[in-house]
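Undergrad: Since chain A is already given, all that's left is putting chain B on it; use the hints.
2 protein chains.
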Amino acid sequence: MKAALTRDLAAATSGLTYERIPRAGIEIAKRGFIDAIGVMLAGKDEPCVSILAQTLSPAAGDASLFWGPDKARAPEAAWINAVATHALDFDDTALSAHPSAVLVPAIVAEAEHLRASGRDMLCAYVAGFEAWADLMQRETGQYHTKGWHPTGIFGSIAAAAACARLRRLDAGATAAALSLGASQSAGITANFGSMAKPLHAGRAAHAGVLAARLAAAGMTASTDALEHPQGFLAAVSPAGAVNVGEPVTVGQRWRIVEIGLNIKKYPTCYCTHRPIDAMLELKQAHPSLDPAQVAGIVVSMSRRNAKVLRNAHPTTGLEAKFSIEFAMACALTAGRVGLDELDDRFVRRPDIQGLFERVRLVFDPREDPATGYAPHDQVSVELPDGRTLRSSPVALARGAAGAPLSHEEIRTKFMSCAARALPEAAAASLHERLSNLEDLRLLCSPPCSP
Amino acid sequence: MKAALTRDLAAATSGLTYERIPRAGIEIAKRGFIDAIGVMLAGKDEPCVSILAQTLSPAAGDASLFWGPDKARAPEAAWINAVATHALDFDDTALSAHPSAVLVPAIVAEAEHLRASGRDMLCAYVAGFEAWADLMQRETGQYHTKGWHPTGIFGSIAAAAACARLRRLDAGATAAALSLGASQSAGITANFGSMAKPLHAGRAAHAGVLAARLAAAGMTASTDALEHPQGFLAAVSPAGAVNVGEPVTVGQRWRIVEIGLNIKKYPTCYCTHRPIDAMLELKQAHPSLDPAQVAGIVVSMSRRNAKVLRNAHPTTGLEAKFSIEFAMACALTAGRVGLDELDDRFVRRPDIQGLFERVRLVFDPREDPATGYAPHDQVSVELPDGRTLRSSPVALARGAAGAPLSHEEIRTKFMSCAARALPEAAAASLHERLSNLEDLRLLCSPPCSP
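Those protein sequences? They're chains A and B, same order as listed.
Counting from 1, one number per residue, gives the positions in the first sequence under UniProt numbering.
Counting from 1, one number per residue, gives the positions in the second sequence under UniProt numbering.
Keep in mind the hints are simulated off the structure, nothing from the lab.
The list makes no distinction among identical chains, and a pair is therefore deemed to hold if it is satisfied within one copy or across any two copies.
In silico SDA-like links for lysine to any residue, alpha-carbon gap of 25 Å or less:
#, residue 1, residue 2
1, Lys307, Pro229
2, Lys307, Ala4
3, Lys307, Thr223
4, Lys30, Ala419
5, Lys283, Phe346
6, Lys30, Pro404
7, Lys307, Pro375
Same shape as in the complex, but just chain A (with noise of 0.2 Å):
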């Protein structure tokens, strides 16, 4: 039988229920929403939301921005949202992207405009994951390399399956759907490191909804836009290889429960978490370590992951985001590294800076097959007396999907991040009913309305 990716991919994403999905799929799909959410609320200030907000200037609605008041209609709501999600690099990853930042502002928009359930919301987020993985994995080419921010381009088709199944679209809507997200797919690498990234998963977000809407009201797209040879895999194919004819096994395999997301523990780059890891480690050791008197701190990684690391003398929070020598003094001095010590202050203070000439980079040639990057990251602390104090081999990241963070941790993350939004008691309601999003009937009163 010939292939028929679209349509496929349609029936088996329209076709999920809450009540097929693994227990494990459920409690995944709900850490998206805490971690996406609370994220969202720590970035909400940030100047490209406030940028986007302003130049849309969207016009009343009934989603709520950022969690408060203010509501706007569901695509422009989805749209800032995602921005404010992405707009401090701290949210989830998984398939070289960041799926929570593009599906959980689209789904919790449309969520609040049809009053859907809690578990409407999960099911339609693992839609959403399910056809994000089945179409990423399609092929080997790396595309980030070719130039595509790979949150742009498949987040608008998976958020475009997310809100379909959310309408309960049809498989025939559901099709259109996905097409109509796909020929909206856009995001290039080359944005990375200004505010046109966050954009990318911001416009992904706007697109699904809107694809979804669009099906809904009879909008008509190809039935095979994804596999057809002139269609949207080989369009940004970066190897030219794409596997258009290995068939769906969505609702058969769970490569939510398969493949996980990964939480940041710390609002810099995924990069630095591994040697964030291992000086922490230091740190806890051996507690009277001054870091005023450290000879030298030695990093062992990946060079490919020391490339990304392009800020060796940062000077401001943003710019600190991507720097091996600050998450080294940063951690070796604050016992930890959180959105406060992101801060253009605490980035300039004197004994933090002072570090930096100190740190020195050796580079694993070994490749991990899975990942490509070394298979573990290492720090050793240099003393003035000569002696070296050296961490364990790191080889997953506090908070991966090997290696996840507990429930405690998990709401840590959310109430720090929460506090820049909301009063501690209001931040912790919403975590307690997110922590209980399939027993919700409605996810979104009071909490959106402090």
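TA: Same frame as chain A, but now just chain B:
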């Protein structure tokens, strides 16, 4: 000196002035406005337009929808109007794309908001066209073949350039606008033949308006997003052979004059236009020719063009747009191919349907290196007495840049299009105003409120 495509293109387009543009370029741009606004009026009641307008349900603003009394904010007005402009596939072509369907709606919407003059609008159009031509000509690979709809992917950047010029952004902000346009570039060939195709033009117009607005408000983007190895041109490259190093010549050469616009004389696929011209020539030379008595019609054309014309037995006006059989039957019977003939009832007339079987194709294997098509098309009509009437070889469709329509023919097309939306006097007055666009202080009153 290192090439800096994004910055150089931004400097060149932001520096264009009306006074420096050659008169021939202004005349071509004016044709773009007249033709696009005419077909926009003809297309405004198409289902793709009403579905989009109903789904967006745009808030009231200061930019006119379809030249009528309804108004929306400029980004949404540009979006909806652009879909109307491309809905009938009757709009102009150049650069393997539909430039005016994106540029004109974006410019008129922002111009109305900004209260810009006709000269500002013409200058913005030329800025957009020249940016488009510069980028399009840096790769010889075929974008359509890779899966990209050039109207969608180049349109958003060109519209950003046009709107940046209209807003008089400086070179720096214009560079950000171009990069933000590149981050929103989207549209795939596989969705041709569905409502998603005009959506590409609409989304590009919307993206362009928004990119310039976001850049004006301070949103940042990379200053090398077009030429970066992981930038726009590399990401969409069909053959991996982008020439990013060639200097920008915008403002020195005038590609709008070199390339021109192809104005469609018939509301059918452009591949039918040369055969229609040939058949109309025969019809004019032999006014007593009785279609019912014709034994056969032989069309000599390129196989590549014939492939696009997939509907041998159309039964609707939409299908008939992509049918050489209909094109021949219609031209022979009605002596014209206009909007009135692209109507289900006309298509289904027994005399029209009866001719389809008598049309035969012969393929001319020669390829004009410039176009990839046969050097010319030709039509022969076989009479019952065995005689054959043979048309001239037609190398250029009437209305092509190299065979421009007369002012009177342009006006005739405009009036027949506008008749679908406006009373005749209002249409005539609008045509008159557009024909003197360079002298208008404000385009949009009173024609917008007829």
